[in-house]
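**Q** Each chain is listed here by its residues.
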Amino acid sequence: MRTLGKRSPQSREGRWAVSFCCLVLFSTSLAQAEPSLAVHLPLDIRPRALREILRKAMPEVDVKVYGRVNDFRHALKQSPPDAIFAFRAAIESTKESMNGELKIRLQGQIRGMESEPYVLLSRVPLLVGPDLKLGSIDLMGRNKMIKFIEKLLGFSKKPKVTLVAKTEDLLTLLQFKLVDGILIPKSAVGRYRDKTQLELTITKLPKVNFGLPAVGIINQKAKSVLVKAFMSLDNATKKTLGVEQWKKF
Amino acid sequence: MEKILSHTPIRNIGFSLWIAILSGGAQSLTIGSAWAQNSERTSILVLAPKTDATEEIINELTNQVPKAYKLIKKIVSKQSTSADIEQLIEKHSPKAIVVLNNATVQLYREYQKSSKKVRHPAAVMALTSFLDFEVKGVKNATGIYYEIPAVLSFVNFRSLVNEPMKRFGVIYRERFESIVERDRVFAKDEGIEIIGVKIKSDEANVHRSVKRGIKKLIYEDGIDALWVLNDNKLLKKDLLLAAWYPSLQKCNKPVIVGVPSLISEKFEFGTFAVLPDHVSMGAQLAGLLMELEEAGWNTEDFPLHQPQSVQKVLNYKLASKVGTVRAEVLQELDIVYGANQNGEEPTIGKFNTDIYFSYDMASGKYNKDGKQQDFQEGVSSTTILLDLSLGYTFTTGANQFKTKLGIPFVIKAASMAGMEHSKYGLGDINLTGGYAYKFSEVVTAGVDLRVKLATGTKAKGIEPGTGNGMDHFGPGLTLAWAPVAGLGLAMDGGMLMTLKSEADDIFYGNFYANYTFSDLTPKLGVHFFKYGEMSEAMSITGELAYALTNSLAIRVALGTRQISSGLGLPIGFILSAKGLTTGMSFGVGLNADF
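Chains Z and E, in that order, give the protein sequences. Just so we're aligned, residue 0 is where the first sequence starts under numbering that gives the first Met the number 0, counting upward by one. Just so we're aligned, residue 0 is where the second sequence starts under numbering that gives the first Met the number 0, counting upward by one.
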């Protein structure tokens, strides 16, 4: 028989155990509430710096940034995140391996456009054709990327493409004459010219437009948190990411 | 990766910087590819020692090559022989062989020499220092250089600092002439000039040659930065410590290095390094293999390739000494020592000691109307000052807190009408505390508080004193500006209130300009103070400091501090004054940071 107002030691321990379990469950649920975002966005800044920027800008999201497309794709297979942030073409190329769960929910825009023109930057004027040796960032893995470039440039055969992981490596390809030209956004020409004193020639590619960064959601339950986080990014962060505003889908 | 031979590390080649890179840690490599059993696939043999670097390369190579390739990965060790390689080639009939590191390349070359075969698989070599030399004699071979062309370092460093970087100096042995020439061609395209000092291969006194070479490049050729070539012989430990390090420590030139061991937070040697990116090298090898397949596994049209991707490392502290580091570019670097990627410096505490000795001889005085009058015959006044000070500066981010304690010892002698009087002992101790904020890489402004205590003795009649007998306390403002590299402009001003006395307050202002070139820093000071109606002066001082090391400097000066008058303010050649003695003072000082 228990005395009113007093509790047995077993009861007290039991209460502690229940409280502890509740705390663990609560903590776990809190941790689970933080949606995960995998990022592969080759920019001038290093992945570590990009991760810091995104973590500061969206503390409610668990951000992982990958510098190489293989690491990114490996991570998607091993532990699929709730969302991915990458160039639109890279997201599209990932869709087939996601069993239709991946849906683009936000599209970056610049001056209202969802894509931007690309050009060839070279040391001498170029005549565009499949025999050119080109340099490009690898966004999808070697085979997919080379096929993508073939289609993008409207070539009849597979072009010779040297793929690199970092934007700065494209300039190296030109400096050492390893390629004839590099495929870059028109908006990036100034940045390349700032870094080098090589005489560089721009070859316009009138029909070549490349989708701006976009957000693809895999776990639709995390959509509202992620969309809100991206929509609330300040202008400086958006500029770093290469977008001005977001279009919702 | 399959092990065919023992696990002993690569050949011991004595003290070699490459050991650190090419051997790395002793982690195991991934076991061969999952599709290794399919004999339909194109066999590629990979020969490499077991190191962190080879693991990174091989893992990425495995990720990047098409599934039609069968990678056969074999560990090569010190005990490996050319017969082992022959056996492997016989067994697997590879279309290509990836050969990683110098020792493996040498072994493969031995195999080819002993082999009677006319046609060899395409050999793709990487992770090999000075591949130009190593590849000689190897048939059907190509590869990727391990050394990063200097132009990549130059261009990247140029984009980091706001100073002109056009002339890079290098000291090299005759043997490396072709490498320097190759870099000279690349650099020319970028508007950069490489100025070389060649050391004969049979040079007996390399220490002296390195020291002279550095001196010539810096002081005669006027280089903007020094490029340290990855030559094991020139970078031996004793040479580094006895020749390179002391010579470079005194100059304020950026040092561009190519190995990780020469750049770190603690070892103040390399300012900037561009290092090979091993993972990217694996991807580049994969691309090269695919191109070779298209060319029928014939390397005839495949010259040695430059590495496509690099890792960039900066010592922020050393780079800041050269000039302004562009904070926005720091985010493009892989490692930044001494700051985060936003250019924020870590918290640093530093002590500073200063010993200053001056001799001041008065020959006349300025009266209340500002007219100069010589002393009458038999009248003289001499002051000898030994001033010791200890300071501590605490820097966190852009904030700087500083404090300084000055303890003067004074000998003052005066003679008048045949009577001589002298006094010696402790002067007036002064204590300064301040805060400064670094608004940018060129502008710092702050406030300070000065306290001066009447610890010296006060003059009585014609008997001199070692202090002025009054306590002073007051606030001041400081401003420092470094508009261009080497040039420093600074000013401070404020007031000192006289405590427990009806005496007037003191107002003062000082302006300094200094310029550092080589190890010398001349400094000009213009000073003003006004002590109520009693005295005032406008004067100039001059100083020449010589940096013995990065943290130790000596200086000679024209001018002194008014310790004996109790003010602790600088004073020198007087342009105009009232109520003050006039004369000449000379000083010498020693300053040390630790």
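Honestly, the hints are just simulated from the structure, not real lab data. Note that the structure is predicted; figures quoted are calculated from it, not measured. A couple of the hints might just be wrong.
[Claimed, not checked] Reference listing, derived: stretches of chain Z covered by chain E, where coverage requires no fewer than 3 residues with Cβ under 8 Å from a Cβ of chain E:
id: 1; region: 34–47
id: 2; region: 173–186
id: 3; region: 189–202
id: 4; region: 205–214
We put the beta carbon where it would ideally sit given N, CA and C, even for glycine.
**Q** Each hint should be assessed against the structure and marked as holding or not.
**A** For each hint, the structure was consulted:
1. Given as covered by chain E, the region 34–47 of chain Z passes the check, having 4 residues with a CB less than 8 Å from a CB of that chain where 3 are the minimum.
2. With 3 residues having a beta carbon nearer than 8 Å to a beta carbon of chain E, the region 173–186 of chain Z meets the requirement of three or more and the stated coverage holds.
3. Coverage of the region 189–202 of chain Z by chain E holds [criterion: at least 3 residues with CB-CB distance below 8 Å; count 5].
4. A count of 0 residues in the region 205–214 of chain Z with a Cβ less than 8 Å from any Cβ of chain E is obtained; the coverage claim is therefore unmet, three being the minimum.
Checked against the numbered hints above, the structure breaks only hint 4 and satisfies the rest.
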